[in-house]
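A.B. asks: Here's the letter readout for the chains.
Number of protein chains: 2
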Amino acid sequence: MSRLADYVMSFLEGIGVSDIFTVSGGGSIFLNDALGQSKIKYYCCHHEQAVAMASEAYARVKGDISVSLVTSGPGGTNTITGVAGCWIDSVPNLTISGQVYLGQTVGNSGLRQLGVQEINIIDIVKPITKYAVMVKNPNRIKYHLQKAIYLAKTGRPGPVWIDIPADIQRMEINESELEVFVSDESSVIVDHNLNTKVKKVVELLKSSQRPLIHVGQGIKISKSETDFMELVENHNLPFVTARNANDIVASDHRLYVGRPGTYGQRGANFAVQNSDLYLAIGTRLALAQTGYASHDYARNARKVIVDIDQTELDKKTISADIKIQSDAKIFITELKNQLSGMSLNTSSWIKKCQDWKKRYPAVLSEYQKQKCPINSYHFIDVLSSILNAADVIVTDMGISFQGTHQAFQIKRGQKLFTNSGFAAMGWGLPAAVGACVANQCNRTVCISGDGGFQMNMQELATIMHNQLPIKLFILNNNGYLTIKQTQEHGFDGRLMGCNQETGLSFPDILRLANAYDIRAVRLDNQENLKHELKQIIDCEKPIVCEIIMDPDQQQIPKVLNSKNPDGTIVTKPIEDMYPYLPSEELKENMISN
Amino acid sequence: MSRLADYVMSFLEGIGVSDIFTVSGGGSIFLNDALGQSKIKYYCCHHEQAVAMASEAYARVKGDISVSLVTSGPGGTNTITGVAGCWIDSVPNLTISGQVYLGQTVGNSGLRQLGVQEINIIDIVKPITKYAVMVKNPNRIKYHLQKAIYLAKTGRPGPVWIDIPADIQRMEINESELEVFVSDESSVIVDHNLNTKVKKVVELLKSSQRPLIHVGQGIKISKSETDFMELVENHNLPFVTARNANDIVASDHRLYVGRPGTYGQRGANFAVQNSDLYLAIGTRLALAQTGYASHDYARNARKVIVDIDQTELDKKTISADIKIQSDAKIFITELKNQLSGMSLNTSSWIKKCQDWKKRYPAVLSEYQKQKCPINSYHFIDVLSSILNAADVIVTDMGISFQGTHQAFQIKRGQKLFTNSGFAAMGWGLPAAVGACVANQCNRTVCISGDGGFQMNMQELATIMHNQLPIKLFILNNNGYLTIKQTQEHGFDGRLMGCNQETGLSFPDILRLANAYDIRAVRLDNQENLKHELKQIIDCEKPIVCEIIMDPDQQQIPKVLNSKNPDGTIVTKPIEDMYPYLPSEELKENMISN
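Chains as they are written, first to last, in this note's numbering: chain U, 1 to 593; chain S, 1001 to 1593.
With the rest of the complex left out, here is chain U (with noise of 0.2 Å):
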């Protein structure tokens, strides 16, 4: 006989989960004292926002399910956005929560509440988990861990959750009558057209004079980065990645286009836009990367879409001659064997490709030389010079999120990631948390804005408590730099809730730091840069450096709107980027039209 709360955290151990994130509550308080006597290590954020966000990273480091523990009501209800955005960006996770006495939940009743911090959180987070389910009969906690991790970790993964009454938490049960899970190996997804497809797929690229793949976090998911690697270099087939995985390979390898998107980097958009079969790999390919002219998107291609999820492969803003549902491994394995002992002549494309991504960088050499303040590509382009391939990366939204995934220069084996589908301001400082325990407490960078910062802070705590070596960069433009941006562009300049003068205050970042006992330095010039940032990185504890960047600094390029005379928006194609190139330069690469 074990208590149920002690079984769970054995549970956890026994699948090798060696970390959890918690804030600490009376309705998980079972589960909580059984963490603090498992051999898991935990955690402890201020809020469990970060709790969420934090186990999201780890999850992503890990390449494996990651476990956050909260209490009833808003312990729950504080995590939603960071569950969220394992939702959309596809990342395993399971929360599991404390609940009131079974018997003081409000069940069907319509009741509000019953039970005191009491909500139904399975009902709310039902629309964004694999898994959602309340703990009643306590021999049923094996199967329904099991099936939760399970449903986590297969197909497109995604976030789990298991509510568990104080009662229930606390009763004593026998594992050997323990109900289990057995999983329905034919609901495995096989696309059992995939060999004559891939045939097809190896007609279209013997044909194809300039072939590109695409690959996302599918690539990751599945664990298959060697074997793609093998496959471009074996066959000479250049390559973008999507968000999720710009850092599945070294910046400067020689099949290697870019990052394509609406703040992408404009060679690899017309690598895109000029290829003649357009291979997608495990990318749900967002707006955010077709652009909103969606129907525009690879128009010169025959397109072949490679998705686990079939909803994703019928979506309206995506059309593919060829729609694939499959795992990206298999897929790709499948691809390798049929393409075997094949050469595909691609050699003057690679050559165009690569052309691109050297004309265009995203880092302009004009950067480099202003004084004062920071240009934060320029910023972006020294440190990434400077890390080592071992460090893990992460950024919160806006220009440090668009900016450091257009100009970072990845070394092969490092980690650089964002939640790029949610997007949740405030996410980078707690991601870093997660990324650093999961990288085994070693260097890991954070890359963050002013307005973000704010909005989880109270992780310092959980940093300087676990002198979590986190190198925390604040891009400090004043504000809502993103906002301010599309407010001047699209209304006439009417500012409103973006900066100072518009209803925005933010505090001394060096200060605020200090009352962490935290060190802070600010750099406001370029002078001396990389020598300043090199001893920043280097420092052994937790540092905060503020960059000061020109508030009024541009974010480019970028897709951008424009409007027609009558106030209708016109959608640009990713190729005509902002600041635009001469016509006659954006027709001359453009190869077909």
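If you're looking for bench data, these hints aren't it; they were derived computationally from the structure.
Treat the hints with care, as some may be off.
Derived pair list, reagent style SDA-like, types lysine to any residue, alpha-carbon separation capped at 25 Å [as the list claims (entries may be wrong)]: (1) S:1041 with U:494; (2) S:1041 with U:413; (3) S:1563 with U:174; (4) U:563 with S:1171; (5) U:41 with S:1488; (6) S:1206 with S:1038; (7) U:572 with S:1490; (8) U:39 with S:1488; (9) U:126 with S:1142; (10) S:1316 with U:109; (11) S:1323 with S:1310; (12) S:1323 with U:199; (13) U:39 with S:1490; (14) U:41 with S:1103; (15) U:126 with S:1103; (16) U:315 with S:1502; (17) U:136 with U:109; (18) U:587 with U:167; (19) S:1142 with S:1232; (20) U:147 with S:1563; (21) U:41 with S:1502; (22) U:199 with U:133; (23) S:1563 with U:563; (24) U:323 with S:1488; (25) U:315 with S:1102; (26) S:1563 with U:587; (27) S:1136 with U:502; (28) U:126 with S:1106; (29) U:39 with S:1492; (30) S:1315 with U:494; (31) U:323 with S:1323; (32) U:41 with S:1505; (33) S:1062 with S:1502; (34) S:1126 with U:41.
Quick caveat: nothing in here was measured; it's all calculated off a predicted structure.
Place chain S on chain U using the hints.
C.D. replies: For chain S alone, kept in the frame of chain U given last:
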């Protein structure tokens, strides 16, 4: 013709909305622009959780619906804890969220996301709102606004939600063509047997020796404070208050017996348990009020319960002799009419009640004898002695909630409140922001703990920016006091995630406030406490005051569960509070049993 976003703001102006809380964002960009151009003042919070909580407190102070404006995706999910608080505590609140273009919403496609930073927020908030709708047809905007506001304010109030896609926000509409909402007045709740039922109540009152009225927020919602006071004063009826109504009467009122509950006042609990007629009006009788031994609650009384929500009347934790589904004002008016001219002989019972009230104060005289550090009950006692009738006081959770409501001596006209049902840590500071704005930016007091403070401290920036004269007192007890004491009591002293030794650190509060350019002081002894507190509350600017208390100070009195030797839990009736009275004394206080 006008832009829909502008119409929304002029509609809100038209119904008297003068302030809106917001965080600007891309998905709500037209609404933000319209708000910026309207006559409505806007307050930029620094996290949407704070927007919702500020909004709730604003509604409570104003006694009217409040409005939040947030962006798509995380902008909406960040508010959920605050909205759930409004749901459970019956606060009328409208959230307007921006959304991606209608054509980019996932709808029923099964996709996890289509538009940028999209989520189907309506699905998520439906379980915690009275009305939640996405506006798809611009000509229905008036209908949705009217219906949402009607529902938020009618019957049992609560939150409502309107989600507006960005392309709908910017559409031109013709106001004269807009569909309108006509409320079905027949849906207004009236108990058709009200007259007969009140007759029975009158009969019970006439034969009662020890009648007690328990009033809750229903009194405030129906704006029947004056009627209620006339009722009790005309007929010498002693009464107690529920947590959301502790401020409806001066604490020293001759008929007022206090605040019953698990963290209540002993005297009030004795009054409830000894009453022979118990009449609850507009309080949902939460378990925190009745105790977990709810069958023992008011066990010597005939019970009459008046509530506007039939599901509350029918809930299993309450048994009543007479249940009346009615608005509090309608019921009180009818009862006043039927009692008119009748005199009830309650003088000895009033004397008994006042005797309890005097004999068992929450603030014990021994508390003032200690020199250092500060006893939190003594602090509340001194603070309440020097605050004015015009002050608004809000609290965070844990001891700042329970201890304040136990110890605070209300002056007539003061407002003191906390979100008592959902009781989310971190609620206090943003609530103070909302309360202060509703209080015409006059002095507002917030009492928080060091744990809860961390959860929304970014709102110091909102205070600083708007120079809101908030006096923020932070009870520093080195962590999560309530959790720690629960663990000490129930887990043989095994602690986890509640203080520095078990995983939690906190920043230096003074330096933190200083980072926001807010003055801060630390008080750590009682010697000159009144004088020092007076200086703090007389300071015209915002100020943070850290109160150093003993991290082992008990939260007493309270109703505590105990364990049988076999491990089963014994729930105590509310008269038997910890620290336990000698059994003789307990017996003496129980007139019946």
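A.B. asks: Hint check: residue 126 of chain U vs residue 1106 of chain S, CA-CA at most 25 Å. Holds or violated?
C.D. replies: This hinted pair holds, its Cα atoms lying about 16 Å apart.
A.B. asks: Hint check: residue 1563 of chain S vs residue 174 of chain U, CA-CA at most 25 Å. Holds or violated?
C.D. replies: 22 Å, holds
A.B. asks: Quick one, are residue 1062 of chain S and residue 1502 of chain S close enough, alpha carbons at most 25 Å?
C.D. replies: 42 Å, violated
A.B. asks: Between residue 39 of chain U and residue 1488 of chain S, is the straight-line Cα distance small enough, at 25 Å or below?
C.D. replies: 21 Å, holds
A.B. asks: Given the hint that residue 315 of chain U pairs with residue 1102 of chain S, test it: the Cα-Cα distance must not exceed 25 Å.
C.D. replies: 15 Å, holds
A.B. asks: Can you confirm whether the C-alpha distance between residue 39 of chain U and residue 1490 of chain S stays at or below 25 Å?
C.D. replies: 22 Å, holds
A.B. asks: Verify the proposed pairing of residue 1041 of chain S with residue 494 of chain U, using a straight-line Cα cut of 25 Å.
C.D. replies: 16 Å, holds
A.B. asks: Please work out if residue 323 of chain U and residue 1488 of chain S have their alpha carbons no farther apart than 25 Å.
C.D. replies: With a Cα-Cα distance of about 59 Å, the restraint between residue 323 of chain U and residue 1488 of chain S is violated, given a limit of 25 Å.
A.B. asks: Would the hint linking residue 41 of chain U and residue 1488 of chain S be met if the CA-CA limit is 25 Å?
C.D. replies: Answer holds: residue 41 of chain U to residue 1488 of chain S is near 21 Å, not above 25 Å.
A.B. asks: Can you confirm whether the C-alpha distance between residue 323 of chain U and residue 1323 of chain S stays at or below 25 Å?
C.D. replies: Measuring from Cα to Cα gives roughly 62 Å; hence the hint is violated.
A.B. asks: Taking 25 Å as the top limit, are the C-alpha atoms of residue 126 of chain U and residue 1103 of chain S close enough?
C.D. replies: 24 Å, holds
A.B. asks: CA of residue 41 of chain U to CA of residue 1502 of chain S, is that 25 Å or under?
C.D. replies: 11 Å, holds
When the structure is compared with the earlier hints, violations turn up for hints 2, 6, 7, 9, 12, 14, 16, 18, 19, 20, 22, 23, 24, 26, 27, 30, 31, 33 and 34 and for no others.
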